[in-house]
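Number of protein chains: 2
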Amino acid sequence: MKDMHQRTELSSLGEFGLIDRITSAVELVNPSSLQGIGDDAAVIDPQGLMQVVTTDMLVEGVHFDLSYVPLKHLGYKSMIVNFSDVYAMNAEPKQVTVAIAISNRFSLEAVDELYAGMLAACGVYGVDLVGGDTTSSTSGLVISVTAIGVARKEDLVYRHGAKENDLLVVSGDLGGAYMGLQVLEREKAVFKQDPNVQPDLAGFDYILERQLKPEARKDIIAMFQELKLRPTAMIDVSDGLASEAMHIARRSELGVKIYDEKIPIDPVTYRTARDFNLDPTTCALNGGEDYELLFTIAQSDFDKVKGSPHFSVVGHMTDQASGYQLVDKQGGQHELKAQGWDALLKK
Amino acid sequence: MKDMHQRTELSSLGEFGLIDRITSAVELVNPSSLQGIGDDAAVIDPQGLMQVVTTDMLVEGVHFDLSYVPLKHLGYKSMIVNFSDVYAMNAEPKQVTVAIAISNRFSLEAVDELYAGMLAACGVYGVDLVGGDTTSSTSGLVISVTAIGVARKEDLVYRHGAKENDLLVVSGDLGGAYMGLQVLEREKAVFKQDPNVQPDLAGFDYILERQLKPEARKDIIAMFQELKLRPTAMIDVSDGLASEAMHIARRSELGVKIYDEKIPIDPVTYRTARDFNLDPTTCALNGGEDYELLFTIAQSDFDKVKGSPHFSVVGHMTDQASGYQLVDKQGGQHELKAQGWDALLKK
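Residue numbers (the numbering used here), protein chains in the order written: chain A, 291 to 637; chain B, 291 to 637.
The hints are simulated quantities; they were obtained by calculation from the structure and are not laboratory data.
One or more of the hints may lead you astray.
For identical chains, the list gives no copy identity; a pair is met inside one copy or between any two copies.
[As the list claims (entries may be wrong)] Under the rule of at most 25 angstroms between Cα atoms (straight-line distance), these lysine to any residue pairs were calculated in the SDA-like manner: (1) Lys508 to Gly328; (2) Lys362 to Ser426; (3) Lys478 to Gly613; (4) Lys508 to Gly326; (5) Lys518 to Glu444; (6) Lys619 to Asp495.
Here the structure is a predicted model, which is why all the values come from computation and not from measurement.
Just chain A, with the same shape it has in the complex:
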């Protein structure tokens, strides 16, 4: 049986030993992955398709707190945030490279956990880990991931393709990841005051999973194929609905109108927000990290999403002069603002 308390120093392996260990756990599944880890560069055969490339960096103390984020979940999430960007182009992720800077306070077992999470995500999404870099860090853990995907040129969806009167649609529900974080932060504060108190996480499973183990909407891209639905513009929800809707509007040189009551919010998210004296709509608009897809479609495509439990029409695109508007339940219009988390926390 594996001794969970075993601690092997990273220095006992050295950089090359660590790379060999990571490499031995990797199996390439995509025929397009011609050369994986082990040379100066990975080699990919694009097989006649366009390549999309996205990079995200996660920094300890900024993007994650290891006092409540298990390393395996962190590894998984570090992949998901990048896969989500690829899906947001209506493309499919196929390869990934990972660079990490890690200090010697981490053991080999900790690094194994981190990569186990990364490789689990690669397995679920059919992506090959083909390269990377491991280096030491003087302080915290830094993870930089680059994901590479493919699409036919005519299938690619950008942020800038929306047209006036297009419907604004979002997959799944919003605000859960943000409320999950609030619960974790609260329990951490309680634990700090009295380490004997067990964290009270019962009933919060859904939003904790949204925060700790998010998924990317591979299934939505598949649905687009089945429905023969090509969004006119698309973005993934990493910074919150308001910010993302404004990105689509700005890039498409349009305005946007979002209807407060149309925003999909899960009951657990709603109830928890109320418990925290937060407005659930504000959490959904500005919370971020939901990794849902926000996209626009022609009104003529409305029948394809109507009644689907996966999609919510939350608004529509307007002319540029109308600006960015939020319509409340009473029909009052407010200027839409991308506040982000900072603003939320200051309230």
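Following the hints, position chain B against chain A.
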């Protein structure tokens, strides 16, 4: 005139402001760069070629010391180390993504310098900056770069293609970057003892440039084309000749023999090593960061490199059982060891 002492806080721009500023300085030159910064992912048209991908991470306090490395040089070098990996595949870099984590002790002017260096390198090497991520850091500066290049499938050169009796050839000269670093470290130590002493860097221009502003051997790849020379295996010299030669041997399931007196060492490198009581050969074997290309060729191709000032034949590949050998001027054989910098510094 630009006020060199101006300091603008990064927080005054915010993340999106910073991205806009970086983007405005970027111009795409390659027809294969269909979409640059500004969407969920960059889009590349492979135009029927294979794609190669490489990632390197540079960490403050581990890979660079800002007390003597100008940010512009650091930006330049962070590109070069990645381009070098692409050339080592006999491929040409075309796109790059950059993720940086930066603390608020850096000003906007400092970030401008860093990106100016990156974009200068992109300009010289014909590479497009197509994407990235900027995030805050709780301590030092971390730079993660992913370079993407192209090659025809039949032109790609791996580490594993060497054959027994192939000649081992290196471009340029070795050990300079390492000796440049020694000079910088010495002057830093002097400065720490007495800040009124001006650093004495006269006469060290060549090795300081090797350390602070290295170049990648784009010209060598072009020479291969002209000479109709296809190396059987190739790697770039980032960790030192010994380590890289052993990588080629190990991947090709061969042994390797290097002749001490054949290793190309610049007179400034040689003289400086002697001044520091270091063996110049050891510096060339283990110093690293020279970003020269180390490659193997069939003996029948010897005429193509013979007499060239750009190439030195430093040894040859042997059968696997013969292991990794260094032959000294007296003909004595010693086991070749990849000591790396740590071992050098402990001596």
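Verification of the hints:
1. When the C-alpha separation of Lys508 and Gly328 is checked against a cutoff of 25 angstroms, the pair qualifies only between copies, where the shortest distance is 22 angstroms, while the shortest distance within a copy is 29 angstroms.
2. In this assembly of identical chains, the alpha carbons of Lys362 and Ser426 lie at most 25 angstroms apart whether taken from the same copy (20 angstroms) or from different copies (23 angstroms).
3. For the homomeric pair Lys478 and Gly613, neither the shortest alpha-carbon distance inside one copy (40 angstroms) nor that between copies (55 angstroms) is at most 25 angstroms.
4. In this assembly of identical chains, Lys508 and Gly326 lie within 25 angstroms of each other by CA distance both inside one copy and across copies; the values are 23 angstroms within and 23 angstroms between.
5. With identical chains, the CA atoms of Lys518 and Glu444 are at most 25 angstroms apart within one copy only, with a shortest distance of 13 angstroms there and 38 angstroms across copies.
6. For a Cα distance limit of 25 angstroms, the shortest separation of Lys619 from Asp495 qualifies neither inside one copy, at 30 angstroms, nor across copies, at 70 angstroms.
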